[in-house]
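Q: Let the hints inform the model, and build the full structure from the sequences given.
Going by this note's numbering, the letters in the sequence shown line up with residues 23 to 436, in that order.
Source of the hints: derived by calculation from the structure; they are not laboratory data. Heads up, a few of these hints could be off.
Said to hold, decoys possible - Dumping the calculated DMTMM-like pairs for lysine to aspartate or glutamate here, alpha-carbon to alpha-carbon at most 25 angstroms:
(1) 298 to 337
(2) 223 to 270
(3) 98 to 170
(4) 98 to 253
(5) 78 to 53
(6) 223 to 337
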Amino acid sequence: MSNPKNIQIREYNYHLPEERIAKFPMAKRDESKLLIYNKGDIHHDAFRHIANYLPKGSLLVYNNTKVIQARLHFRKLTGAQIEVFLLEPFLPLDYEQIFQAHSHCEWVCMIGNLKKWRSATASPGNGTLSRTINVCGQDVTLTARLGEEKHTGYVVSFDWDATSVSFADVLEAIGELPIPPYLNRETVENDKVTYQTVYSKIKGSVAAPTAGLHFTADVLADIDAHGIERDEVTLHVGAGTFKPVKSERIEGHEMHQEYIAVKRSLIERLIAHGGKAVAVGTTSVRTLESLYYIGCRLYRNPMLAEEQLCIEQWEPYDTPCDIPSSEALQCVLEWMDRNNLTTLHSATKIIIAPGYRYHVVKMLITNFHQPQSTLLLLVSALIGNDWHKVYDYAMDNSFRFLSYGDSSLLIPND
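A: Listed below in structure tokens is the structure:
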């Protein structure tokens, strides 16, 4: 596997006019366009017909994460507005536990207007904001205290004076859904529905796995009727998904760590399918391919602890692995059995770029991504320089781009 660290990001640029960015979704999700790239041939159809292009008996894997209302707003006595953007749990570390927390929890956050928050204090630990909110019919005082700086943001401690109120209740009452910044508009009420997949259920993302936004109950039923199996993984999408590549070479770009969870039953199904799957979205790709490299780690050392399984950004290139995907997955399965686990919990920083060899993913359903983005690199790793053909075709045929835009099915050469 060649190392992509020296790739120049300018080689993955294209002109994206503002008017081609879909600011709002289609009225009906599955009426979006579907570009089909099949080993160099390109045509298009409506997304609702996607089952016609998936191999009978294949396994479709999608991300069941749910977007949280991660933006919280406070106002200082001076009138300055402070935005607190939740990134990842800090105390408790577990997603499920932190949403069920009562009275207190801590998150790593990005802070909008940080200087204003800190302006009246000698140190960040003394900065406290508060507001009175109505939660479940009762007035609750919520306070936010600014803590230590972490690599991706700042620790913020939240306290509220109602023991019957969970942090999930707090977010439901005052949190704002964080739509992508490139939409250049305010969040509207309907985004709470349209910016979630129909199969979302595990809270934790600050951005939707947007390839899944095209699916409807009818499309899923049609997939079942065509004899295509489907299953799910969880990857909680972080704000790093919107982080632009600012360095000239990819080596200078740092991927954020993202939480993943994979059930034992899915690993069994993957093995039954020869270790291969059709991935819905780049988040499912990163999960499935990280699962392969977790298996490689366990192949080398079966006695690793769970906290030793996080996949590093450059691991596939610096520590290559060539065992069959089914064998790597079997190593994960045996490790889970030894540890009496029904779900694997881990994290990944994996970057997939040209030079990467896919192990589990054999087809990809994905939207059209920003120029010079890591997501475009992931697409190029799958179909090579034909990404130019795909994007030119989409531009010439009035496709809508980015999160609320149209979709593609990418089938690479074997």
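Q: Next step is simple, just say for each hint if it's right about the structure.
A: So, going through the hints one by one against the coordinates:
| no. | hint | in the structure |
| --- | --- | --- |
| 1 | 298 to 337 | holds, 21 angstroms |
| 2 | 223 to 270 | violated, 38 angstroms |
| 3 | 98 to 170 | holds, 20 angstroms |
| 4 | 98 to 253 | violated, 46 angstroms |
| 5 | 78 to 53 | holds, 23 angstroms |
| 6 | 223 to 337 | violated, 30 angstroms |
Violated hints, in rising order: 2, 4, 6; the structure is consistent with all others.
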